[in-house]
Amino acid sequence: MGAKQAEGREVMLTQEDTPLRTVTAGKTLTVFLDGDIDHHTARLIRSRIDTKVYIQRPDELILDLSRVCFMDSSGLGLILGRYAKAVELGIAFKVANPSPQIRRILDLAGTERLIKIESAHPSRRAW
Amino acid sequence: MAKAKPVNELRCAFPSWSANEALARSVAASFAAQLNPTCEEVSDLKCAVSEAVTNAIVHGYRDSAGEIQMILKIYADRTFSAEVRDRGVGIPDVEEAMRPLFTTDPEHERSGMGFTIIENFMDSLRVVSSPGKGTRVIMKKKLSMLPIQK
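So the protein lines, in turn, are chains A and B. Take 3 as the starting number for the first sequence in this note's numbering and just add one per residue. Take 12 as the starting number for the second sequence in this note's numbering and just add one per residue.
Some clues are possibly wrong.
[What the hints assert, rightly or not] The following residues of chain B were derived to be distant from chain A, with all beta-carbon distances above 12 angstroms:
no.	residue
1	V38
2	A59
3	A87
4	D104
5	E106
6	E107
7	S141
[As the list claims (entries may be wrong)] With the C-beta cut set under 10 angstroms, the calculated list includes, among others, these residues of chain A facing chain B:
no.	residue
8	T30
9	V33
10	F34
11	H41
12	G79
13	P102
These aren't lab readings, by the way, just hints derived from the structure by calculation. Keep in mind it's a predicted model, so treat the numbers as computed, not measured. Cβ atoms here follow ideal geometry from the backbone N, Cα and C, with glycine treated the same way.
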């Protein structure tokens with residue numbers, strides 16, 4: 003199986019193009035991620051967030067994880083990468099509402115030393 | 012920890028396409044369901060399997076595509092075991108690869124936390140690799156004591 007063949011199939015298996023769900027309040031951009039964040043989905047999510055941020059240039063970027071069902075180290079890479087981009091652009095960065103499983107992954111990497119993580123009132127969370 | 016003979020076993024093989032990461036962890040979770048695991052245990056198993064399969068795709072078959080084998084086993088003492096095999100490039104220095112935050116691929120935002128997550132979410136992790144031949148990642152976790160449903 004050649005790399006080229008795999009690449010073609012990869013495109014075929016790529017998920018439908020669903021728009022990024024975001025809310026803008028003043029100069030704060032909140033991105034609501036959902037579903038599974040793994041190596042397969044992270045690439046698309048990453049480019050969508052970056053495009054939105056470059057166009058909108060918010061003062062603050064919040065990644066809301068309340069509807070994320072699954073995340074592995076690729077999601078961690080995505081979060082740390084967005085943090086690095088935000089620092090580069092002088093944008094404040096926050097992660098909101100991680101599930102306990104996601105929280106464990108964030109804690110394993112010592113994410114809180116760099117990134118503010120906050121959980122809203124339980125009623126505002128998806129579960 | 013685990014006895015030599017598993018009470019159930021599942022072997023599957025799939026191409027190293029990233030879409031199969033979700034498939035692999037779903038298969039592992041479905042197979043482990045026989046042990047009536049807690050939600051947290053299912054999350055742990057799914058995450059660990061996802062890390063191993065992603066490693067095979069991203070690092071094992073970096074510039075190519077190939078076959079990934081996944082062998083799942085359940086033992087009478089409620090141990091779940093997953094082995095992920097690839098015939099990719101292999102890891103020259105396994106000890107270094109297992110170090111937290113070590114990555115050979117920072118430009119693609121790899122966090123270098125894959126093996127660390129497996130080690131933390133499972134009871135044991137063994138990585139056998141030879142450069143040019145491939146890698147085997149074997150991980151085990153004994154699930155909490157609830158009777159196996161018949």
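Q. Closest CB-CB distance from E106 of chain B to chain A, is it above 12 angstroms?
A. Non-interface label on E106 of chain B holds, nearest chain A Cβ at 19 angstroms vs cutoff 12 angstroms.
**Q.** Nearest-CB test (12 angstroms) between chain A and A87 of chain B
**A.** holds (28 angstroms)
Q) Would the hint on G79 of chain A stand, with a C-beta cut-off of 10 angstroms toward chain B? A) Holds, because the Cβ-Cβ distance from G79 of chain A to chain B comes to roughly 4 angstroms (cut-off 10 angstroms).
Q: Over 12 angstroms to the closest beta carbon of chain A is the bar; see if E107 of chain B clears it.
A: For E107 of chain B, whose nearest Cβ neighbour in chain A is about 17 angstroms away, the distance exceeds 12 angstroms, so it holds.
Q | No chain A beta carbon within 12 angstroms of A59 of chain B's | A | violated (9 angstroms)
(Q) Is the interface hint satisfied for T30 of chain A? The criterion is a beta-carbon contact with chain B at less than 10 angstroms. (A) Interface hint status for T30 of chain A: violated (24 angstroms vs cutoff 10 angstroms).
Q) Does the CB of P102 of chain A sit less than 10 angstroms away from some CB of chain B? A) For P102 of chain A, the interface hint holds, since the closest Cβ of chain B sits about 8 angstroms away, which is under 10 angstroms.
(Q) Just want to verify: D104 of chain B was marked as not at the interface with chain A; is every Cβ pair farther apart than 12 angstroms? (A) D104 of chain B clear of chain A: closest Cβ-Cβ about 19 angstroms, beyond 12 angstroms.
Q) Does the interface hint hold: is H41 of chain A within less than 10 angstroms of chain B, judged Cβ to Cβ? A) holds (5 angstroms)
Q | Hint status (Cβ of V33 of chain A to nearest Cβ of chain B, threshold 10 angstroms) | A | Since the shortest Cβ distance to chain B is 16 angstroms, the answer is violated.
(Q) Is the interface hint satisfied for F34 of chain A? The criterion is a beta-carbon contact with chain B at less than 10 angstroms. (A) Violated. Min distance 20 angstroms.
Q) Beyond 12 angstroms from chain A, beta-carbon-wise, is S141 of chain B? A) holds (21 angstroms)
In the structure shown, a violation is registered for the earlier hints numbered 2, 8, 9, 10, in ascending order.
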